[in-house]
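Peer 1: Start from the sequences, fold in the hints, and give me the full structure.
Okay, here's what each chain looks like letter by letter:
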Amino acid sequence: MAVTFYLMAVLLLLSAVAVITFKNPIYSALALVFNLFVVAGLFATLDAHFIAAVQVVVYAGAIMVLVMFVLMLLSAKLEKASPFSPLYFGAALICGLAFAVTLGLEFDSGFNSAPPASDLQGTVAAVGKVLYSRYVFPFEAASLLLMAAIAGAVVLARRRYRTKEL
Amino acid sequence: MELMILVAKVIVALFLVALHLAAFCTWVERKGSALIQDRIGANRSAAYVQTDNLLLKPVAFFLRIMGGLGVINTLVNDAVKAILKEDFVPAGVPKFVHALAPFLAVFPIFLAYAVVPMAPDFEAFGQVIRLQVASLDAGVLFLFAMGSVSVYGVAMAGWSGNNKFSLLGALRASAQMISYELAMGISLVTVILVYGTLDLYEMVNAQGKLWGICYQPLTFLILFTVGMAETKRGPFDLPESESELVAGYFTEYSGMKFLVFWLGEFAEIGLFALLLTILFFGGWNIPFFTYPSNHWIWAIVGFHVLLLKVVFFCVLQIVIRWTLPRFRYDQLMDLGWKILLPLSMLNLVFYAALKLSGGIG
Amino acid sequence: MVPITHYLILALLMFSIGVVGVIVRRNAIVVFMCIELMLNSVNLTFVAFSKQWGNLDGQIAVFFVMVVAAAEAAIGLAIILSVFRAGQSIETSDAAELKF
Chain S
1 MAVTFYLMAV
11 LLLLSAVAVI
21 TFKNPIYSAL
31 ALVFNLFVVA
41 GLFATLDAHF
51 IAAVQVVVYA
61 GAIMVLVMFV
71 LMLLSAKLEK
81 ASPFSPLYFG
91 AALICGLAFA
101 VTLGLEFDSG
111 FNSAPPASDL
121 QGTVAAVGKV
131 LYSRYVFPFE
141 AASLLLMAAI
151 AGAVVLARRR
161 YRTKEL
Chain D
167 MELMILVAKV
177 IVALFLVALH
187 LAAFCTWVER
197 KGSALIQDRI
207 GANRSAAYVQ
217 TDNLLLKPVA
227 FFLRIMGGLG
237 VINTLVNDAV
247 KAILKEDFVP
257 AGVPKFVHAL
267 APFLAVFPIF
277 LAYAVVPMAP
287 DFEAFGQVIR
297 LQVASLDAGV
307 LFLFAMGSVS
317 VYGVAMAGWS
327 GNNKFSLLGA
337 LRASAQMISY
347 ELAMGISLVT
357 VILVYGTLDL
367 YEMVNAQGKL
377 WGICYQPLTF
387 LILFTVGMAE
397 TKRGPFDLPE
407 SESELVAGYF
417 TEYSGMKFLV
427 FWLGEFAEIG
437 LFALLLTILF
447 FGGWNIPFFT
457 YPSNHWIWAI
467 VGFHVLLLKV
477 VFFCVLQIVI
487 RWTLPRFRYD
497 QLMDLGWKIL
507 LPLSMLNLVF
517 YAALKLSGGI
527 G
Chain A
528 MVPITHYLIL
538 ALLMFSIGVV
548 GVIVRRNAIV
558 VFMCIELMLN
568 SVNLTFVAFS
578 KQWGNLDGQI
588 AVFFVMVVAA
598 AEAAIGLAII
608 LSVFRAGQSI
618 ETSDAAELKF
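Line by line, the protein sequences give chains S, D and A.
The C-terminal residue of the first sequence carries number 166 in this note's numbering, and the numbering is unbroken.
The C-terminal residue of the second sequence carries number 527 in this note's numbering, and the numbering is unbroken.
The C-terminal residue of the third sequence carries number 627 in this note's numbering, and the numbering is unbroken.
Incorrect hints may have been included.
Example chain D residues on the side facing chain S (calculated, C-beta under 8 Å, incomplete) [unchecked claim]:
(1) Leu307
(2) Phe310
(3) Ala311
(4) Ser314
(5) Ala321
(6) Ala336
(7) Leu337
(8) Ser340
(9) Ala341
(10) Ile344
(11) Leu364
Below, computed lysine-lysine pairings styled on BS3-like, alpha-carbon distance capped at 27 Å [stated by the list, open to error]:
(12) Lys129(S) to Lys521(D)
(13) Lys261(D) to Lys23(S)
(14) Lys330(D) to Lys23(S)
(15) Lys521(D) to Lys375(D)
(16) Lys197(D) to Lys251(D)
The hints are simulated quantities; they were obtained by calculation from the structure and are not laboratory data.
The structure presented is a predicted model; accordingly, all values stated were derived computationally and were not measured.
Beta carbons are placed, not taken as given, at the ideal position from N, Cα and C, and that holds for glycine.
Peer 2: Here is the structure:
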């Protein structure tokens, strides 16, 4: 069990680094897809089966496909590679490290005081029960948000009509 | 023991079902299309096999018959040809992605076979065995996830071809698959709602008395159409339409890699046929008949009943593919977004109301 | 069983990588992907804590994060596309003007 976790951890970090270092955005997207799969695997090790499946369906199956679609749509016209400046990169690295240290300082030894609950299973039925009882209103709000997002995306994408008005 | 049973299950799911279905579909595609187009089709392999040895005569006769039916051509000649062909990689292609794409296109489909139950439970080696590699709590969800992931292989294949035609094919394919996934997801939710479970085995059990098609015909029609679109065949083969895009997203593939795409396409046909059979046509259930015990002999009977239905749907999909003309692109999008999606939503609302009023389940 | 702190440290490192990516990269879509990276690391902590305290609320939170991410993807990519149409570039540094 522990071995799979550490293997996944290494893969996760490697693919995360790959996302930010690949010059070609399509490679970055592929690395991110791999990363998302590993995260789904980590969810599965935490017995969150439903969330793991949703992770694959929503993130890997929908969001990243959309990103890939846009990248391929534009890829022929994206000749210019981002200029790499060591100064910039060093500053960013320091920022990231400072961030990591700040967050790390917030670690509480109380996190580990109790052993993890062994009987908790994030099955579809269990998650669904909580989602549709205690979280009904946030759920409805989420659907409203998605509705607004669809409308917004359509408005933004309908370029021809917008320029006519201008 | 546990491990051996698991290995046996994998062998059944992968080799006995997935690969055989793929091979069978290839054969039907060759000879069936010939039948539909009033051609003869592949019939020359082993046509001249002759022997003077009396004992070998029946074998030679059998080979000639198989060759005449085109079976040898499908199983042997095509494979040998593909393996021996040059694996041509065009210049300026990202080699790694180019090589990875066919496997990414096929892998999720074969993985999806893992959650499909293939036979009723039976007792052997002192324990009850379920012919399903992974009995997941969220079987349908897993299938859906694998379906949505299989876009990547196609998208990468088209993009890595370094070719306008393949890129266009990949764009078309991913747009088509995303669009039809919505209707598919909502229809699957309807099915889950009606049966009240995500476990495919439980769904089959729920159809012991009455097959699902009897009380959810519209859901079946929507899922069948979506299935045809998701396999990118039939009237929905715009991503690889040969008159516009050469061969679409796999234009730049040859040899074994092309064969892998081919295999994946037919395995996907088999998978959808399997899914439709399990969701709507009672799986291994036979009308007016209940399996008397969980003896292994009934498992074998059930397995073959299931396969018979699956084969029917495979043939149906191939016949539709060779019968209907291709859609125009706007017709394809209209069908997905303006017809199937609202229809599946109304369908869901209808069954939800029915469920609330106690009409079903 | 792996202690929860290991999951947290992993998420922390991934979040920091995402932060570095957002700062370093200029391609708007890659910046977007780095934000997804950060969202995912937060999801990981949510699920890890959910397991630790035996409480499904964390997984519900992940569900909502995914909903927000989906909405963000739709809107974000539409914005990136319209920026590209206006300026023929999706470099964040090229989109510095407020008016095209």
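Peer 1: With reference to the structure, classify each hint as holding or not holding.
Peer 2: Hints versus structure:
1. Leu307: holds, 4 Å
2. Phe310: holds, 6 Å
3. Ala311: Since the shortest Cβ distance to chain S is 4 Å, the answer is holds.
4. Ser314: Status holds, d = 3 Å.
5. Ala321: holds, 5 Å
6. Ala336: holds, 7 Å
7. Leu337: Leu337(D) check passes; min Cβ-Cβ to chain S is 6 Å, inside 8 Å.
8. Ser340: holds, 5 Å
9. Ala341: Holds, about 7 Å.
10. Ile344: Holds. Min distance 6 Å.
11. Leu364: holds, 6 Å
12. Lys129(S) to Lys521(D): With a Cα-Cα distance of about 17 Å, the restraint between Lys129(S) and Lys521(D) holds, given a limit of 27 Å.
13. Lys261(D) to Lys23(S): holds, 16 Å
14. Lys330(D) to Lys23(S): Given pair Lys330(D), Lys23(S) holds - Cα atoms ~22 Å apart, limit 27 Å.
15. Lys521(D) to Lys375(D): holds, 19 Å
16. Lys197(D) to Lys251(D): Cα-Cα ~23 Å, so holds.
In this structure, every one of the numbered hints holds.
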